[in-house]
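Student: So the chains spell out like this:
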Amino acid sequence: MTWLTWRQFRVQFLVVASVILATAVVLAVTGPNLLDDYHRLTDNFIANLGFKRLNPLLYRVGQVLLYAAPPVIGAFWGAPLIARELETGTYRLVWSQSISRRRWLATKVGLTGLAAVAITGLLSFAVTWWSDPIDDAINAGQDSNTYLPRMFPPTFSARGLVPVGYAAFAFALGVAVGLVVRRTLVALAITLAAVILIQIITPSFIRPHLLAPTDQYLVATSENIRGFMLSGPDSNPEVRQIEVASGSVGAWKLYDRTVDKSGNVVDTLPNWTMQCAPGPPPGLQKQQQPATSPERDACFQRLADEGYRQHVKYFTADKFWALQWREFGFFVLLALLLTGFSFWRIRRDLS
Amino acid sequence: MTAVLNAQGLGKKYGRRWALTDCDLEVPAGHVVGLVGPNGAGKSTLLNMAVGMLTPTTGSVDVLGAPAGTQQAKVGYVAQDTPTYARLSVADHLKLGARLNPAWDESLAQQRIQHLELDPKQRAGKLSGGQRAQLALTLGLAKRPELLILDEPVAPLDPLARREFLQDLMEAVAEQEFSVVLSSHLVSDVERSCDYLIVLVGSRVQVSGEIDTLLATHFRITGPRRDRKDLPQDQHVVTESHTDRQSTYLIRTDRPILDPAWNVTQLTLEDLVLAYMGRDVRPERPVLEVQR
Chain D
1 MTWLTWRQFR VQFLVVASVI LATAVVLAVT GPNLLDDYHR LTDNFIANLG FKRLNPLLYR
61 VGQVLLYAAP PVIGAFWGAP LIARELETGT YRLVWSQSIS RRRWLATKVG LTGLAAVAIT
121 GLLSFAVTWW SDPIDDAINA GQDSNTYLPR MFPPTFSARG LVPVGYAAFA FALGVAVGLV
181 VRRTLVALAI TLAAVILIQI ITPSFIRPHL LAPTDQYLVA TSENIRGFML SGPDSNPEVR
241 QIEVASGSVG AWKLYDRTVD KSGNVVDTLP NWTMQCAPGP PPGLQKQQQP ATSPERDACF
301 QRLADEGYRQ HVKYFTADKF WALQWREFGF FVLLALLLTG FSFWRIRRDL S
Chain Y
1 MTAVLNAQGL GKKYGRRWAL TDCDLEVPAG HVVGLVGPNG AGKSTLLNMA VGMLTPTTGS
61 VDVLGAPAGT QQAKVGYVAQ DTPTYARLSV ADHLKLGARL NPAWDESLAQ QRIQHLELDP
121 KQRAGKLSGG QRAQLALTLG LAKRPELLIL DEPVAPLDPL ARREFLQDLM EAVAEQEFSV
181 VLSSHLVSDV ERSCDYLIVL VGSRVQVSGE IDTLLATHFR ITGPRRDRKD LPQDQHVVTE
241 SHTDRQSTYL IRTDRPILDP AWNVTQLTLE DLVLAYMGRD VRPERPVLEV QR
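Residue numbers (the numbering used here), protein chains in the order written: chain D, 1 to 351; chain Y, 1 to 292.
Rather than coming from a laboratory, the hints here were simulated on the basis of the structure.
Note that the coordinates shown come from a computational prediction; the quantities given were computed from them, not determined experimentally.
Positions of the beta carbon are idealized from the N, C-alpha and C atoms, including for glycine.
Check the hints yourself; a few may be wrong.
Unchecked claim - Distance ranges between label pairs, derived from CB positions:
1. Val64(D) to His115(Y): 52 to 58 Å
2. Trp325(D) to Leu116(Y): 54 to 60 Å
3. Arg348(D) to Asp119(Y): 53 to 59 Å
4. Leu185(D) to Asp119(Y): 41 to 47 Å
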């Protein structure tokens, strides 16, 4: 059965594996140089990164591949695994050999699933290791418009264990969907769409619930203010929300709302808070106001005096691995449940 | 000797439709059994339950003395349309058989491939229908089963390939002495190769038994018009037709027909099968079984 599994799977495997192996090799070759730069340039590391064009490119390639691997594996390894046998009727050939359906399924799912986890694990390890100097520098407070802290959703899903969990889930989903819809192409499309959707919604709907975030009330000041959300006409805008920095470098902020002195969430702030804005609303004045001014300081003082606070929730940078493990575990659990379903389904009538 | 196939009250329902109902069968070992019936009669359903691909809705079916599907190594199965892996070569298929069957007979498989003049490197997807069927049969035979079940194996083949396939099957049976159950919607396939017959119509078994016995106990009798009530008790009517003056019955009886008024003729197998296929199938009708 091992031989048959490999014989049927080898083309798909080699296509995906060669791309990933090639990437891993390039990362392994260029990684040591990047680490050298990190030690040599210290605080200027990120600022100088752009001068070698290869590095930003590799950073992106690694990220893109780690996002692409789970849907591709789910759709091209998982979905056809059983669906193609059902579609072409070959399951009747293989099931009439001296092997039980469950062993047949166990071998196919076991070996292919293992390959999915191993190959994604290799890529994720390579990317995480290669990007480590950049992630470290960003978390140490070096400024960048290109690179995001690894706690931020776009980076988080392309580091460590999470892509491996996604790949296991995507593969198990593909197998189960293929078993239910029995059409290779349909199963492939459904799996592709479902996995991409899951990747999109996970940061907003699943990740925040995996771990208790740091919960804080902060006073807005001219230093920590990060943004104003305005609505209404330019001449007389309303201040809907204020955003502040959490004060923790590299943290991912989930929630940031203004509350009044009794602790209720404020939907619209008083109009005088316009004075706290870092610059004029676009179109009112051409000239940039200085970062601090007496009116501005007074505005923040009044905000504090009247008891307005910012309620913020965030994951600090040091929660990275705890959150990685939780999310990995969550998706591995889903993968196991889906696989359990497939084993239950295979025992029932198919024709 | 245990029965190769023993069904008790076997039935299968798809949604609201019964594909097979109240099937009682006991097929002794050592026969080549022809399962005949029109398309959609439930032949595939019966065979699929016998190999464990489908689970019965009612009743049970034992194969070689054990519940269906529990003795996979002893039961060979060539499924309908003889599926093969289109992208795998002939040699790959033999390797598959060798890897997945403990009693695999490699020399038999190789001999057959040579005899059939199949190119081992050829992909199964590029074989003709006849060659594909032969490849599937090779897998079934080299498994060295005690019972080989074939579901409409020759249906898609042209007459020549059909004959060759059945001839090969019969040669293998003669050499290896295993039991065979094969289904077909054509009587001629069965006539050529089988010594035991099961007629399945409208999801019910109409008649089953050794072909010689069936032919020796079924007659067409023609004579002056007479009502079926007036026939002797031991003469079971299969079909009847009447004109103003004349009656024609197709009957089954174990006793000699003594009434000199009847003109008695023997039946061919085709007559017999068509008679059972042609009659209207009423659900209440009891299933006829030939005594052994």
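Student: Now look at each hint and say whether the structure bears it out.
Tutor: Going down the list of hints, with the structure as the test:
1. Val64(D) to His115(Y): 52 to 58 Å: Check passed, 55 Å falls within 52 to 58 Å.
2. Trp325(D) to Leu116(Y): 54 to 60 Å: The hinted range 54 to 60 Å holds for Trp325(D) and Leu116(Y), with Cβ atoms some 58 Å apart.
3. Arg348(D) to Asp119(Y): 53 to 59 Å: violated, 39 Å
4. Leu185(D) to Asp119(Y): 41 to 47 Å: At 31 Å between Cβs, range violated.
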